[in-house]
Amino acid sequence: MIKYGLNNIRDLVGAKIDLQMVHNSPLCRLEKNGTLGTDVIQMLEQRWTSILSQLQALHTELQELQISSDKLPGPSDKNIEFVILSDPNHPPYSVIILLKVLTGRYKIEILSHVHSSISLVPSELQSFLNGLLNSSSGSRCIKVTLIWKKVGKDPLLIQCPMNNGTIAGEVNISRYLNRLLEQRPNPVLVYESKGEFYAGQVDMWLDSIYKSVTHGSKDMHLDIMPSISAVLVKQDWLIHSVSIADICFWSSLKQNPCLINFNSNLKKWFEKCQHIWFT
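Residue numbers are given in full-length UniProt numbering: position 107 of the sequence shown equals residue 107, and the series is strictly consecutive.
Simulated from the structure, these hints should not be mistaken for lab results.
Careful, some of the hints might be misleading.
To be verified - Cross-link-like lysine-lysine pairs, in silico, DSS-like; alpha carbons within 27 Å at most:
id	residue 1	residue 2
1	K107	K194
2	K150	K78
3	K107	K149
4	K143	K153
5	K150	K194
6	K267	K254
7	K218	K254
Build the full structure now, drawing on both the sequences and the hints.
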C-alpha cells in the first residue's frame, strides 16, 4: 500500500463498519423475508391511525359548520328596496311588465313621483302601475320608488342603500329583475337558471336590442329589423320559449312604433304581446 502512497487500507475503504450493529438495528436492515421490522410497522400503524382520527375529526367539524350555516337567514329572506329613474318620453315598459310578473312571487310596494322638469306622465303607464298594487303576494317585500325624470333612453336603478350600486339601461334592469324572479320557486320567466347556453342566447339578443334597436341608427334599424322578423316568422319567440329578450324587444317597439309600420309580421307579433303583457 506504501507503493500507492497509502499507509493504511482504512484510508482507502474508510472506517470499519460494525456489521453487528447493522444486523441489530431495524432501521438499518431488512429482514430475510424482505419485510420491515416489527417496531417500524407498529410505528407506521400508529401514525396512520392518528391521521385517520384527524380526518374523521375534520369531517365532523365540516358537517357541523354546514348545519349551522343552513340555519342562518339567507339574503333571500331580506326585503329589497330600490329607486328607478325613468324618462316618460322613453318609458321602460319591460321593467314595468317584470314588476307585474314579480307580484306573483313578492309583495310589491310602488311609490311614484314626478320631477319638476316633467309636465306629464302617460295615463296608460300610470293606470298600469296602479293595477300592480292590487295583485301583490308573498312574504318578501320589494319596495320600488319610481321617479319620472328626464334621464334619456337609459333608465337608472339605484339600490338602497345607495352604496350598493347603480344599474343603467333597460335591458340590464330587466336582467336584475329576472334574477329576483328566479330566486323564487317555479319562476314564470327563466334566464340563468336554465343553464349557461340558454342565458348566453338571451344575453346575445339583449345586447343586440340595446345596441341596434334602442340606440341604433336608421341604417342599423334597416339591417336588424328584417332579421328579427325572419326569426319571429318561424317561431313564436326569439329563443323558442318566452324570455326577457322578447319583453325588451317588445318594449323597444312600443317606444318606436315607426319600426313596425312597414312590417306586417312584426306588427302582428307586437299586437299579440301587447294583449298578453299590457292589458
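Discussion item. Hinted pair, alpha-carbon criterion (27 Å max): K150, K194. Please report holds or violated.
Written reply: Roughly 36 Å between the alpha carbons, so the hint for K150 and K194 is violated.
Worksheet item: Is K143 within 27 Å of K153, Cα to Cα?
Response: holds, 23 Å
Item to complete: Verify the proposed pairing of K267 with K254, using a straight-line Cα cut of 27 Å.
Response: This hinted pair holds, its Cα atoms lying about 10 Å apart.
Worksheet item: Is the straight-line distance between the alpha-carbon of K107 and that of K149 27 Å or less?
Response: holds, 25 Å
Fill in: Hint consistency between K150 and K78 [alpha-carbon to alpha-carbon, up to 27 Å]
This hinted pair is violated, its Cα atoms lying about 32 Å apart.
Worksheet item: Does the structure keep K218 and K254 at a Cα separation of 27 Å or less?
Response: holds, 17 Å
Worksheet item: Between K107 and K194, is the straight-line Cα distance small enough, at 27 Å or below?
Response: Roughly 25 Å separates the two Cα atoms, so the pair holds.
The structure shown violates the earlier hints numbered 2, 5.
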